[in-house]
Structures are given as structure tokens and as C-alpha cells.
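Undergrad: From just these sequences and the hints, can you work out the full model?
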Amino acid sequence: MATFKEFRNNVKPNWCPGCGDFSIQAAIQRAAANVGLEPEQLAVVSGIGCSGRISGYINAYGFHGIHGRALPIAQGVKLANRELTVIASGGDGDGFAIGMGHTVHAIRRNLNLTYIVMDNQIYGLTKGQTSPRSAEGFKTKSTPEGSIESTLSPLEIAMSAGATFVAQSFSSDLKQLTSLIEQGIKHEGFSLINVFSPCVTFNKINTYDWFKENIVNLEQFPDYDPTNRVAAMNKIMETNGMLTGLIYQNTARKSYEDLVAGFKQEGLAKQNVKITQDEFDKLVAEFK
Amino acid sequence: MISQLSWKIGGQQGEGVESTDRIFSTALNRLGYYLYGYRHFSSRIKGGHTNNKIRISTHPIRAISDDLDILVAFDQESIDLNAKELRSGGVIVADAKFNPTIPDGIDARLFAVPITAMAEELGTSLMKNMVASGASWALLGLPLEVFNKAVEEEFGRKGAAIVEKNIEAVKRGAEFVLEQAGGPLDEFKLEPADGKQKLFMIGNEAIGLGSIAAGCRLMSAYPITPASEIMEYLIKKLPKFGGTVVQTEDEIAAVTMAIGANYAGVRTMTASAGPGLALMMEAIGLAGMTETPLVIVNTQRGGPSTGLPTKQEQSDLNAMVYGTHGEIPKIVIAPATIEDCFYDTLESFNLAEQYQVPVILMTDLQLSLGKQSCEPLDYSKIDIKRGKLVTDVPALEGQSLFKRYEFTEDGVSPRVLPGEKGGLHHVTGVEHDEVGRPSENSVNRRQMMDKRLNKLNDMYIRDAVRADAPHENPDLLIIGMGSTGGTIDQARQTLAGEGVATNHVTIRQIHPFPTKLLKPYLQNAKKVIVIENNATAQLASQIKMNAGFAEKIESLLKYDGNPFLPSDVHKACKELIKDGHVQRV
Ligand SMILES: Cc1ncc(C[n+]2csc(CCOP(=O)(O)OP(=O)(O)O)c2C)c(N)n1
Ligand code: SF4
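As given, the protein sequences belong to chains A and B, one line each in that order.
Under the numbering used here, the residue at position 7 of the first sequence is numbered 7, and the numbers go up by one with no gaps.
Under the numbering used here, the residue at position 168 of the second sequence is numbered 168, and the numbers go up by one with no gaps.
Simulated from the structure, these hints should not be mistaken for laboratory data.
There could be a bad hint or two in this list.
[Said to hold, decoys possible] With a cut-off of at most 20 Å between alpha-carbon atoms, the simulated EDC-like pairs for lysine to aspartate or glutamate come out as follows:
#	chain 1	residue 1	chain 2	residue 2
1	B	Lys-237	A	Glu-83
2	B	Lys-526	B	Asp-468
3	B	Lys-516	B	Glu-575
4	B	Lys-237	A	Asp-258
5	B	Lys-421	A	Glu-83
6	B	Lys-240	A	Asp-258
7	A	Lys-288	B	Glu-153
8	B	Lys-385	B	Asp-463
[Said to hold, decoys possible] Partner residues aside, some chain A positions facing chain B, computed with beta carbon under 10 Å:
#	residue
9	Val-45
10	Tyr-256
11	Thr-276
[Unchecked claim] Here are the computed distance ranges between Cβ atoms for each label pair:
#	chain 1	residue 1	chain 2	residue 2	range
12	A	Gly-262	B	Arg-109	35 to 45 Å
13	A	Lys-139	B	Asn-546	45 to 55 Å
14	B	Pro-414	A	Glu-145	46 to 56 Å
15	B	Pro-143	A	Gly-162	55 to 65 Å
16	B	Tyr-379	A	Arg-253	38 to 48 Å
17	B	Pro-520	A	Arg-8	16 to 26 Å
Backbone N, C-alpha and C define an ideal beta-carbon position, used for all residues, glycine too.
TA: Right, here's the structure in full:
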């Protein structure tokens, strides 16, 4: 069985020292090993941004796509070969601005894949503009007077879109993050894991210390029941979205692959696709 | 006896025009006639004038006719709008309910049949289409049993009682009109057909069928006219073959999902029209850069913007050829017949994998939606070629990766699918090295660009340039693409009768442009006319730019939303011969 080391490669990430993304990379590598995967069984599909580079830093099949489109690409991969474990990943701009439409619909579709958002409340790669996750009043290169748009709550959006797995974590909490990614991979449906991942270069407000002060870990509430949708929504609102842990899971709803008529367990990519003369004749007969 | 005839039915959208046309033409197909249909419709679902025209012939035809023999009209508007097409002595079968009149100056015979009244007598006005079609079928003197069989199939699932009522409606319509006319009309007596069963389908269905035969098992698409029939056909069929169709949130998702699925090894396509194609542009570049096979069908309609969404046009050529930023290899194929729609789909999937490039299969609205006879399709031509797809590759050593983008002689690299143990590699739209890792090295950059861009050197599809060139030095070379070929051929027949020698070339490989194959035809012709449904002569520009001969190339352009008529082409060719230039249609 592969250890987390086998999910490492020899590429040195071009992230700034101290960037939150490093820990997310490590957590994915550990979680993949912990659930018993081999590198070739994992496909990591990422978007564009500092965060999007992650698909090149994990020893697995990696697909670095285009800005905002990691999810549709990842869904295509999963539909083609449901035997693969598919992780989609990218920044908050990637998933909640340019790719927001895909995020909502991927949640609704509920294919069995895990989406890890590296949420730094800013655009890193393009050097510091506002993101839909930026707080109101947040000053960036593109909002010199402070952001005047309301902050997007991806957790509430996910809940209202019918998400079957919603979690949030903090890149410093490697243990919790690894565990949540493992649970996300094992969840049979779409799992959203939003991860606070500080950008040490362009975001001087939402720093490691700031997160430590402002987030609450759901472990503090022993009675919290992540299968209760109303309670989950309430908790998200009560904490203004600043909570970590498994927020909601619905294991009753089947994944998309299980609901598609005629879809087999064997990966479609492995199936024989040549049709027989008889099958062909039947198709043609309808046009006579 | 005559060898061909044109029939049209008109009414309000939602009034049964479609179903009447369907039953009428199915019955004719059973008799072995060649058919060519044209649907005129607006983008409203209910209400608004609509009409379907069918050309019926004992020999192959691929064009609508200039004129009309029989018009079946559910309302006066249908008469007023369409009577001018009737040739003199033509026939109108209309509902007596609205006291139909023949417009001034039209020489036609009118049969006012109590269509609605008869249908209501039988229980529902819904059956008026049966009365009307029965009446017009009877006038042609064709066997009623064949027609009734088609009715049975249309309504069979609704139960025997409904079938019987509909057959009764057909009978009453037929009897009424035969009594009025004193029997079938001699001048409309068609010669018997060859009796050989052909297929009768629309281009979109031929593409759908072709894709299943090609091994396509996934389709991701967003509905749009005139492409939707492809996804609607495939969602009915693919589950039987283990696959499915995903209706995505938009065309960007559709195309990127297709890229993901092709990367993971399943032949997957998407289909759209101009507005959707525009949204796909960035992703087409991703497929080109990552050398991921991809098949996109673009069913052209009137642009720009929402344009004329339900009308004929061929104006996306530039978008398909030049679309996406930067420079990638890409193939654009234009089927010209219904049979091409099938065989080109097979070939598109093969080329996409053999060259690891995006392939755009471009149709136009008339080819996608016009229902027509199709020669039997050949199962033995189905040959799935997956190019350099490799399996069971040796294990990787240490930290090495599979050279997915290995430099090779032909520029095409071995491709493995995720899941393969020895195949780990990285894929990115960023410039990359042989294992797919980002690289800004300038030497690597040039090598990679050359590798990708040279893949399609000397690539020719089947019949890249299809020629009907009986003359060594024709007075005129007529060039077209897509659905216009049949119309051009018909005009050529008239021209031949007038002593004008024409050759005809259909360009089927739009990109990379088949310059070498086309040049000899241009060289030998005294004059050249390029016929296309757009305003800026996009095909002619490709020809002039790639092959030259600008001085002898003229254009006939039509962009009013309607397909060319044989008379449009004939008139333009005559003008060109006489005056040396062409007026716009
Ligand atoms: C279509 C398109 N528009 C814009 C860009 C430029 N761009 C690249 S990454 C990015 C946003 C980065 O922010 P985020 O997604 O939050 O990722 P981060 O860099 O913060 O990890 C933008 C706007 C692009 N690559 N593609
Ligand atoms: S700019 Fe910010 S997000 Fe990007 S690598 Fe540096 S710290 Fe990380």
C-alpha cells in the first residue's frame, strides 16, 4: 500500500514561503494514503491560480485546466471512469467567482468527487485583487476604497443547492483537514471542503493569527449533529461562516453515477464500445 | 406520369403541421421515393406561421424546389404566404371552415375540404391533420394502405380505438376530395419508385447515430437550436450502451466536461450552435494545448448574437477556423450530405484521437434539420481507431513520469489513460515539457509549438475536396460547402441544358485548408463562383488566401435566413457568364 511519501513528487512548489497551500497539499497526500489509494488511482484536477498549481505537486494523475473550470473537467473524468478517485481543487476566485455557476451545479449533480477550495479571500496569482470571499471594506488593488460588495457564503450556498457533504477547515490544522479530506473521499457523492488558506503575501488581514482568533471548531459542540440540515444552516449563520469541521452530511442521497440509467460499476473507459451489426441494424431500423 | 413533385403543409405552429408531415413522408419513404424536406419555423412554440415542404422524387435529390405542386393549408395566412410558390395549375387543399380564397394572380385549383368539421364529427379537431393529409394523399393517387400503416405506427401506442378513428379521418378526407376532383389528379401521378427502402432522417440524427457507432458514450451539452436533436437522440439511445448525456449548466461546462471525459478515455462530444461555440473558445485552446481529443458539433444558424436562431446560415466559418486565442492545431470538417453526417462523425472521432486535437464537425441548419432520404449506411465502415493510445506500459522508475508529450517524428505522442500504473504524468494548459510539467524554457517552447502545429501537415479527410468535374476547362467552377450541394447540382443541370459547362467542388475539409487538392480545379476553370450563406464571403476568403486566383473568383452570398434555391444559383451563374460579376441575392 502506498504511503503519503509516494504521493510526493520532486517538484518544488512555486508558492511563497508560508503560503497556506503547502499544508493543503500535504493533507491531500496524507488522506490519499490513509484511504488506501495508489497514485494511479487518483486524479487531481485543478483550476488556475496559485492554488491551481496543486495538481502538479502531487504524484498522481494531474490535470491543470483553465480558470474556473476545474469542476466540469473533474466531472468529465469521473463520468468516464468512476473507478478513479477524483479531487478537484482551486482558489476562491476560481470556484466562487468565475466558476461559481459550475460549483452550484456540481453540487446539485452530486457526482462522487471531492472539491477542495483553497480560500485565501483574495486573488493571489494576479497579485492581490478582491475576491467574492473578501470582507466588506477589504482594501485591495482593485478595491482601494475597500470592497463594497457583500461577502459570499459558500457554505450557505452549498447547503441551499442540496449539498450532501459540506465541511470547512483551516490549513494549519493538518489533522482535522486530513481527516475531513478522507471523509470527503469516502463520501459517496459530492463533497465540498472549503479550507482557509492564508495568502501571506497579499492578504495582511486574514492572517494565520486572525483565523486562530476567529474560527470555532465544531468539536466544541459535542451535541452537534451533522446530519441535521436545519442545525447545520443555523450553525453556519450563527458563526458567520467561521466554523471548521464536518458541517453537514447526507448519506441517503445517491450519487449521480448511481442514478444514471444503465450506468455500470465498471469504468466506462474500460468498456468495449464497438457495437454489433445487430445493434446497428436496430438503430437504423427506426429511420425506415 | 411525373418523376417529381413538391408538397407543402402550412398552419399555425402547434397545429399538427409536424405530425402531418411526418406521417405523409414516412408513407412516401416506404414506397421508396427519394425525399427532401425543409422546415420553416419561427422560434415561437405555439402560434406563428409554420410550414414544412417535401420534395418527392423517383431519383436522388438534395435540394428544395423553386416551386410547389400541392399546398395543404390550415388557414388563409398559409395560402397568402405560400401560394406564390405554386406553379400554374397547382393545387390548394384548404379547410372549408375559413372560406379559403385564392390570392389574385395565382393560377391554382382550390379544394375546400371541411377539414375541421370532419375531424370534429369524429370527436376531436385534433384529427384535422389526418383529414387534410388523407385528402392530399388521395389526390396523388397513392395506395391508402401504406398511408394507413404509417398512421398506425404514429398512434399505435395510444390504442386501437385512436388508430381506427385516425384512419377513418384519413378515409373521409380522401373520399371527399376524390369526389370533388372526380378521382386522383392525372397530372400528379408519380412514376413508381424503385421500391428500395431508404432511411429518412435529419442530419442531427445521422450524427447521433454516427457517434454511437463511433464509440462515443458520453455527451455533455446545453440545449440550443438547431443542435438539440443530437442530445435528445443520444439520451434515448446511450443508456442502452452504458453511456449517458449530461445537460450541463452552460456550454463552457459542456465542453470542459467533454475534455475531462476524453482525457479519461471515453469518446465524448458536445454539440452547439454559434452562441455556444463562442463560449467554448477558451476550452478549445485547452484541448489543443493539452493534446486532448475532442469532438464538437457546430450546427450553424443565423448570427450574429442571437441572430436568426431558426434560420439557415453558414457564417461561423471564421469563428471555427480562427477561434481560440494563441495557435493550436484543429480540424474543421463540413459534411455535405446526410450520409456524410454519419461517416464524417465516425471519422471525426478517429481523427480526434489519432491526432490528439479538437475536431469541429460543422453543419448548417438545413443539413441538421432538413429531413431527407439517406442511402443505407454501411456497418463495415465502422472502424474505431484510437491512434497512439497505449496500455500496459512498463512501470516508472523512481520519480520519473510518463512522457505524455514526447517529441516524436509525426508530433503525436503516446497517450495513456488515468488509472494506468506506469502512466503517471501531468496535463496542463501552461506550456510544458515532455512529461507535462510547466516550462518556460524557450527552446522547449519552440519545439512544443512546432510539435503541435505540425501534426496536421498533409492531413486530409475522406473526400476533403469532393469534385464533380466532368469538364477539363469548364466555363464555370462552382464551389460550395455544407447543405448547398444539391441546389448547386440542380442549377448545373439547367445550365448544362443552356450549353454552359460547369464543374462543382464541395469543400469538406475547411481547416486545415486543402489547398493542394483544390488548386487544380481552380487552375482549369475560366471563372469561379463560390456560393455560401453568409454576408462576408468567408469560404471565398479562405480559398483566395490559401490557393490564390482571386482575380477569377466571384461570390454568391445569401444571408436573409433562407437556403439557396436552384433559381438563385442559376441566375447568378448566368449573370457571371454574361456580365462578369454577380449581384447579391
Ligand atoms: C479566463 C481567465 N480570466 C482571468 C485569468 C487571470 N487569473 C488567473 S488566476 C486568477 C484569480 C486567482 O485567484 P484565486 O482563484 O482565488 O486563486 P489564488 O491565486 O488566490 O490561489 C485570475 C483572475 C485567467 N487565467 N483566465
Ligand atoms: S501569492 Fe499568496 S496565495 Fe499565492 S503563493 Fe503567495 S502566499 Fe500563496
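Undergrad: So which hints don't hold here, by number, going up?
TA: 1, 3, 12 and 17
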